[in-house]
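Enquirer: What follows is each chain in one-letter form.
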Amino acid sequence: MSIPTELQYTSEHEWVRVEGDIAVVGITQYAADALGDIVYLDLPAVGKTISSGAVVGEAESTKSVGELFAPVSGEVVEANKAVSDSPELVNSDPYGAGWLFSVRVSSLGDLISADAYAALIAE
Amino acid sequence: MSDALILSPLDAIHRELGASFTDFAGWDMPVRYSSDLAEHHAVRTAAGIFDLSHMAEIYLVGPGSGAALDYALSGTLSTIPLGRAKYSLLLNDEGCILDDVVVYRTGDEEFMVVANAGNRFVAADAIRERARGFECVVRDDSDSVALIAVQGPNSATILAGVAGLEVEGLSELGYYRCLPARFGSTPMIIGRTGYTGEDGFELYIASSDAAELWRAVTVAGEGHGLEPCGLACRDTLRLEAGMPLYGHELNSILKPEQVNAARAVDLTKDNFVGREGVQAGVSAGAAVLVGLRSEGKRAGRADYAVHSNGRTIGTITSGALSPTLGYPIAFALVEPDFAELGTVVDIDVRGTAIPATVISLPFYSRKAQQ
Numbered sequence: 000m001s002i003p004t005e006l007q008y009t010s011e012h013e014w015v016r017v018e019g020d021i022a023v024v025g026i027t028q029y030a031a032d033a034l035g036d037i038v039y040l041d042l043p044a045v046g047k048t049i050s051s052g053a054v055v056g057e058a059e060s061t062k063s064v065g066e067l068f069a070p071v072s073g074e075v076v077e078a079n080k081a082v083s084d085s086p087e088l089v090n091s092d093p094y095g096a097g098w099l100f101s102v103r104v105s106s107l108g109d110l111i112s113a114d115a116y117a118a119l120i121a122e
Numbered sequence: 000m001s002d003a004l005i006l007s008p009l010d011a012i013h014r015e016l017g018a019s020f021t022d023f024a025g026w027d028m029p030v031r032y033s034s035d036l037a038e039h040h041a042v043r044t045a046a047g048i049f050d051l052s053h054m055a056e057i058y059l060v061g062p063g064s065g066a067a068l069d070y071a072l073s074g075t076l077s078t079i080p081l082g083r084a085k086y087s088l089l090l091n092d093e094g095c096i097l098d099d100v101v102v103y104r105t106g107d108e109e110f111m112v113v114a115n116a117g118n119r120f121v122a123a124d125a126i127r128e129r130a131r132g133f134e135c136v137v138r139d140d141s142d143s144v145a146l147i148a149v150q151g152p153n154s155a156t157i158l159a160g161v162a163g164l165e166v167e168g169l170s171e172l173g174y175y176r177c178l179p180a181r182f183g184s185t186p187m188i189i190g191r192t193g194y195t196g197e198d199g200f201e202l203y204i205a206s207s208d209a210a211e212l213w214r215a216v217t218v219a220g221e222g223h224g225l226e227p228c229g230l231a232c233r234d235t236l237r238l239e240a241g242m243p244l245y246g247h248e249l250n251s252i253l254k255p256e257q258v259n260a261a262r263a264v265d266l267t268k269d270n271f272v273g274r275e276g277v278q279a280g281v282s283a284g285a286a287v288l289v290g291l292r293s294e295g296k297r298a299g300r301a302d303y304a305v306h307s308n309g310r311t312i313g314t315i316t317s318g319a320l321s322p323t324l325g326y327p328i329a330f331a332l333v334e335p336d337f338a339e340l341g342t343v344v345d346i347d348v349r350g351t352a353i354p355a356t357v358i359s360l361p362f363y364s365r366k367a368q369q
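Chains as they are written, first to last, in numbering that gives the first Met the number 0: chain A, 0 to 122; chain B, 0 to 369.
Hint data in this document are derived by calculation from the structure and do not stem from the laboratory. Bear in mind the structure is a predicted one, so any value in this text is a computation, not a measurement. Beta carbons are placed, not taken as given, at the ideal position from N, Cα and C, and that holds for glycine. Careful: at least some of the hints might be erroneous.
Said to hold, decoys possible - Cross-link-like lysine to any residue pairs, in silico, SDA-like; alpha carbons within 25 Å at most:
| no. | chain 1 | residue 1 | chain 2 | residue 2 |
| --- | --- | --- | --- | --- |
| 1 | A | Lys62 | B | Arg349 |
| 2 | A | Lys80 | B | Gly295 |
| 3 | B | Lys296 | A | Ala81 |
| 4 | B | Lys366 | B | Asp198 |
| 5 | B | Lys296 | A | Glu66 |
| 6 | A | Lys62 | B | Ile353 |
| 7 | A | Lys62 | B | Lys85 |
| 8 | B | Lys296 | A | Tyr29 |
| 9 | A | Lys62 | B | Arg365 |
| 10 | A | Lys62 | B | Asp198 |
| 11 | B | Lys296 | A | Ser63 |
| 12 | A | Lys80 | B | Ala37 |
| 13 | A | Lys47 | B | Asp27 |
| 14 | A | Lys80 | B | Val357 |
| 15 | B | Lys296 | A | Val45 |
| 16 | A | Lys80 | B | Ser34 |
| 17 | A | Lys80 | A | Ser91 |
| 18 | B | Lys85 | B | Leu97 |
| 19 | A | Lys62 | B | Asp27 |
| 20 | A | Lys62 | B | Leu4 |
| 21 | A | Lys62 | B | Val357 |
| 22 | A | Lys62 | B | Gly325 |
Stated by the list, open to error - Covered stretches of chain B, going by a simulated chain A footprint (3 or more residues, C-beta under 8 Å):
| no. | region |
| --- | --- |
| 23 | 294 to 306 |
| 24 | 318 to 324 |
Said to hold, decoys possible - Each pair of labels, with its calculated beta carbon distance range:
| no. | chain 1 | residue 1 | chain 2 | residue 2 | range |
| --- | --- | --- | --- | --- | --- |
| 25 | A | Ser91 | B | Ser77 | 50 to 60 Å |
| 26 | A | Ala81 | B | Lys366 | 35 to 45 Å |
| 27 | A | Glu77 | B | Lys296 | 16 to 26 Å |
My request is simple: use the sequences and hints to build the entire structure.
Expert: Right, here's the structure in full:
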């Protein structure tokens, strides 16, 4: 199970890459595998202000629906059009081409390290 | 009662293959090996192999077996010839559905009833109780019989190449027919049956020999696109094929006529459990099962409400974005006024009204595609 060490995580199975004041957000491979093949993504609109912990979207697979939570607070600056068109990218490349949206951060939420996330999913 | 999940006789193979597992009716069964969609498409275009060992196998043996089944189940089973299979319902006294089963005539005086895993004890107890006074023995062999399904257009070719499988007339075997066979020295039953909407076979064999048979089928499937398939794709396959799933489209407060299953009830029989209830009919306004199609990618899911002009008129029982058709499909139980083909309703998809049209079942038919 891939858990890149350079990323930060949430207990809701999202990853965050902080680059300056921008945070890029996706879901972990563990979450993507648990959902199964993702067939539809509902991403937050660009310009929307989001608060960490709030539900901001959905990922639907053939079998189930998962909610997307904002891992950080701030303003959405980009939603990944490629994954809206090809949601399977989240399954095939969750930490790369399968990123979901990016946020101009006003405050970081409760993020955890890769080690802490690995321990969480091992429970 | 123990919380420990029951392991399939094929469990070691599934773990070798890296399957993800799910608790299905108390069994730890493969939900997928790689991708639900890839497995779904493999069955539609090539072939898939499924472990269905959780299904229940209940035998009736003796000269009164057929008469006992005629009394216990909704259809007439006593007159089906040797080597035939028939879909039937187990009803309660009120005429509502306790389980849906497939009955195979495996001998002149022997039948095998295949029931849903979750209803194993309900079905076995009811059949045993109802068979009292008939000259037959009821035997629940679910623990010692494994079931491997091979489904998809290449399944006949694959089975013809299985080393150690001895069977006469497999290629000519018709749909809903069954044959005795041998795998090495082990007797088994092959039915041309399934729950995917494709051509395919179901292989009933002693649990102790199931792993060896799975491996032999896998070897025969090389070069024919055979993929191991989990229960996730089995669900989307059966949904596309318009086949009901007990606990979703069927339950113990629904009568056959509400769920397009009146054809499985033979009212010309003298007496059977549920007859009076079926004959009493349903109350005005009782829900009926329909198929819904919508646009876009967002599917209705089990228990979502169905609305018309803002009023709740039904409930989704199963739904998915159809992998084969590319649009969302669903079964729903709706008020009878909304059951006519072409009726447009709204599915409440987590707060968003998604329009859907009542269409004829099945959603997918392999004959229509050819």
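Enquirer: A separate judgement is required for each hint: does it hold in the structure or not?
Expert: Each hint, compared with the structure:
no.	hint	in the structure
1	Lys62(A) - Arg349(B)	holds (16 Å)
2	Lys80(A) - Gly295(B)	holds (16 Å)
3	Lys296(B) - Ala81(A)	holds (16 Å)
4	Lys366(B) - Asp198(B)	holds (10 Å)
5	Lys296(B) - Glu66(A)	holds (16 Å)
6	Lys62(A) - Ile353(B)	holds (18 Å)
7	Lys62(A) - Lys85(B)	violated (30 Å)
8	Lys296(B) - Tyr29(A)	holds (23 Å)
9	Lys62(A) - Arg365(B)	holds (23 Å)
10	Lys62(A) - Asp198(B)	holds (24 Å)
11	Lys296(B) - Ser63(A)	holds (13 Å)
12	Lys80(A) - Ala37(B)	holds (24 Å)
13	Lys47(A) - Asp27(B)	violated (43 Å)
14	Lys80(A) - Val357(B)	violated (32 Å)
15	Lys296(B) - Val45(A)	holds (21 Å)
16	Lys80(A) - Ser34(B)	holds (23 Å)
17	Lys80(A) - Ser91(A)	holds (16 Å)
18	Lys85(B) - Leu97(B)	holds (17 Å)
19	Lys62(A) - Asp27(B)	holds (17 Å)
20	Lys62(A) - Leu4(B)	holds (22 Å)
21	Lys62(A) - Val357(B)	holds (22 Å)
22	Lys62(A) - Gly325(B)	holds (15 Å)
23	294 to 306	holds (count 4)
24	318 to 324	holds (count 3)
25	Ser91(A) - Ser77(B): 50 to 60 Å	holds (54 Å)
26	Ala81(A) - Lys366(B): 35 to 45 Å	holds (38 Å)
27	Glu77(A) - Lys296(B): 16 to 26 Å	holds (21 Å)
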